[in-house]
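Student: 1 is the number of the first residue of the sequence shown in my numbering; add one for each residue after it.
Accuracy of the hints is not assured; some may be wrong.
[Said to hold, decoys possible] Just the calculated beta-carbon pair ranges, DEER-fashion:
| no. | residue 1 | residue 2 | range |
| --- | --- | --- | --- |
| 1 | I146 | S63 | 34 to 42 Å |
| 2 | P127 | G86 | 26 to 34 Å |
| 3 | K11 | D139 | 26 to 34 Å |
| 4 | A54 | V85 | 41 to 49 Å |
Quick caveat, the hints were computed from the structure, so don't treat them as lab data.
Model, not experiment: these values are computed from the prediction.
By construction, the Cβ of each residue, glycine as well, lies at the ideal position given by its N, Cα and C atoms.
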Amino acid sequence: MIDLNSADRKKLIEVRGIGPVTAERIISYRQQNNGFTELDELKNIKGIGDATFADIRSGLDLSSDKVSETEKTEGVEIEFDPDQVGIEQPSEVHLVGDMNEWNPADKTYSLKKDSDGIWRNEFELDPGTEYKIMYDSTDWDEDKHIGFYGENLKVEKQK
Numbered sequence: 001m002i003d004l005n006s007a008d009r010k011k012l013i014e015v016r017g018i019g020p021v022t023a024e025r026i027i028s029y030r031q032q033n034n035g036f037t038e039l040d041e042l043k044n045i046k047g048i049g050d051a052t053f054a055d056i057r058s059g060l061d062l063s064s065d066k067v068s069e070t071e072k073t074e075g076v077e078i079e080f081d082p083d084q085v086g087i088e089q090p091s092e093v094h095l096v097g098d099m100n101e102w103n104p105a106d107k108t109y110s111l112k113k114d115s116d117g118i119w120r121n122e123f124e125l126d127p128g129t130e131y132k133i134m135y136d137s138t139d140w141d142e143d144k145h146i147g148f149y150g151e152n153l154k155v156e157k158q159k
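Assemble the whole structure, with the sequences as input and the hints as a guide.
Tutor: Here it is in structure tokens:
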């Protein structure tokens, strides 16, 4: 049994019926609501209906009542300025990394373009999460991603 109030993303994915996107949604809901008080709250999460709930319920329990303050992930603002890396203004930008199993087609972590042409968004990401910024592509072969000098970008610990 996996504790719904303390399991990380990898543990949640071990439960049959929970994939990477659903795991992120569960963690986000848990953080916003300071934990789950009952398993039925899972039905409040997009993508978890009665059938999915019936499938995953047996793999989960509520051993701990609340999320500890140390488990909470702060919002991390990600910014991307195409001018700084010498590319034309893209039509779409999203993150690909640990949080979505490096799936370039997963646009769960999309950035939004501001009036100043800089792409921004805030995400709940754990310190140490590695990622790249992908633009106008959902395929690694197109080489439309930013991770400076071939390295991944990394979420730093918030101060």
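Student: All hints, please: hold or fail.
Tutor: Status of each hint after checking the structure:
| no. | hint | verdict |
| --- | --- | --- |
| 1 | I146 with S63: 34 to 42 Å | holds (41 Å) |
| 2 | P127 with G86: 26 to 34 Å | holds (29 Å) |
| 3 | K11 with D139: 26 to 34 Å | holds (30 Å) |
| 4 | A54 with V85: 41 to 49 Å | holds (47 Å) |
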